[in-house]
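Colleague: First to last, the sequence lines map onto chains R, B, D and U. Under our numbering, the first residue of the first sequence is numbered 5, with each subsequent residue one higher. Under our numbering, the first residue of the second sequence is numbered 5, with each subsequent residue one higher. Under our numbering, the first residue of the third sequence is numbered 1394, with each subsequent residue one higher. Under our numbering, the first residue of the fourth sequence is numbered 1394, with each subsequent residue one higher.
A portion of the hints provided could be inaccurate.
No more than 30 Å apart at the CA atoms, straight line, and that leaves these computed lysine-lysine pairs for DSSO-like [as the list claims (entries may be wrong)]:
hint, chain 1, residue 1, chain 2, residue 2
1, B, Lys47, B, Lys6
2, D, Lys1463, U, Lys1463
3, R, Lys8, U, Lys1463
4, D, Lys1406, U, Lys1406
5, D, Lys1406, D, Lys1517
6, D, Lys1406, U, Lys1479
7, D, Lys1463, D, Lys1517
8, U, Lys1509, D, Lys1406
These are computed hints drawn from the structure, not numbers from a lab. Since the model is a prediction, treat every value here as computed from it, not as a measurement.
Here are the chains, one letter per residue:
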Amino acid sequence: MKIKILAFGISREIVGNREVYLDFEEEISVTQLRIELFRRYPKLSELGELFIAQNCSYTQGYELVSAEDEIALIPPVSGG
Amino acid sequence: MKIKILAFGISREIVGNREVYLDFEEEISVTQLRIELFRRYPKLSELGELFIAQNCSYTQGYELVSAEDEIALIPPVSGG
Amino acid sequence: MDIFRLEPHIISKELPEEWLRKDAHGGHVFFEGTVRGINNNRRVLQLEFEAYESMVFAELMRISKIIREKIDVPSLLLLHRTGVVKPGELAVLAGASSPHRAEAFQACEMLMNELKRSVPIWKKEFFEGGEVWVSAHP
Amino acid sequence: MDIFRLEPHIISKELPEEWLRKDAHGGHVFFEGTVRGINNNRRVLQLEFEAYESMVFAELMRISKIIREKIDVPSLLLLHRTGVVKPGELAVLAGASSPHRAEAFQACEMLMNELKRSVPIWKKEFFEGGEVWVSAHP
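For reference, chain R alone in the conformation it holds in the complex (with noise of 0.2 Å):
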């Protein structure tokens, strides 16, 4: 299952593009790809916080994400 996932801000500059695509052998959850998001980008845990959402909505962590999800990393936001 290939998973989409949009980047913006400073976790835009660490991943290295805007859009980018992580491959499961099985269903996961939101924590199970925050994971291996950390495990493959490190610099990704070292922000104040990382929020994860799904289809435009925060997610809490125990969500199940599909393959038609919108899936987008959402560091600390800054507007206004």
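Let chain R serve as the given structure and place chains B, D and U on it in line with the hints.
Modeller: Below, chains B, D and U alone, put in the same frame as chain R:
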């Protein structure tokens, strides 16, 4: 002693002029001035409130009025 | 820096550069009061504002001092119309400028509250079928 | 009626008539956030804003619902720049319009607080000698 009194808003309409003059034999307080004004213009006493300003400051009533003072009638304000 | 003005004509929202002090303050809060076309279920034709000018400025100085005793706010603004103001027109523009957002909100609201409480400005409302000095009677 | 927009170019303060609804609401509160020329004692060259557009709008809808659960406020406004913004330029314009002054102040401040808390917009500050994603690190 001739006291000049400025009148604004509805108090101007009640006294019939922007400026009115009252003559007193001896020194008076703001409260005595108010009593005389209410006697001459009973409609002033029907207002929600009527403050009296002396030289651009709100008064309490005990202040003494002199001929050089700028006295003004301040009916309920409604700016904004 | 404070700017307080009575405006006999349409209020321009082009604010003086020196008030905005764009380089220094990040946050500006404004209150704009426009004349409503309907008030108390009556069609409003116009308002007429009358001011005791010298005391307006004396009161605004006093108010600005009170606000600054409570809030760290570098700049206050108050532009208030006098004379005839039609529905849809701006009657008052208040502003507060500060590096801190919360303080700008607080100062601007306090300025409006104090304006309504004590600044000697009076408003006569002309509506279809009559006229009334607002708030004059209990 | 709400207006939420991301603006790639200079924000115009000429607001849509239908938002102001001058006939209905007496009070409008605005927050204007401009880019400071000096921040943390450093000369700021420019900011660069990046937004996750679709989620910005989803979040603003959610926030508008939360605000309306607490405050009776007919109209909200949020215009936010994206891309490069220079010192002195407007980065954000927030507004709330209501017949009641206190509620307009409260709604506008709540909108700004929620914007800063959860709306996915990021700001990179370019200063003399470096650049930094604001708030990214603890």
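Colleague: None of the hints should be skipped; say for each whether it holds.
Modeller: Hints and how they fare:
Between the alpha carbons of B:Lys47 and B:Lys6 the distance comes to roughly 23 Å, so the proposed pair stays at or under 30 Å and holds. Among the hinted pairs, D:Lys1463 with U:Lys1463 is consistent with the structure: their alpha-carbon atoms are about 27 Å apart, no more than 30 Å. At most 30 Å may separate the alpha-carbon atoms for a hinted pair to count; R:Lys8 and U:Lys1463 exceed this at roughly 37 Å. For a cut-off of 30 Å, the pair hint linking D:Lys1406 to U:Lys1406 stands: about 9 Å separates their Cα positions.
At roughly 24 Å between alpha-carbon atoms, D:Lys1406 and D:Lys1517 fall within 30 Å of each other, so this suggested pair holds. Taking the CA atoms of D:Lys1406 and U:Lys1479, the gap is about 22 Å. The hint holds against a cut of 30 Å. The straight-line distance between the Cα atoms of D:Lys1463 and D:Lys1517 is roughly 33 Å, outside the 30 Å bound, and the hint therefore fails. Only pairs whose Cα atoms come within 30 Å are accepted, and U:Lys1509 paired with D:Lys1406 is accepted, the gap being roughly 27 Å.
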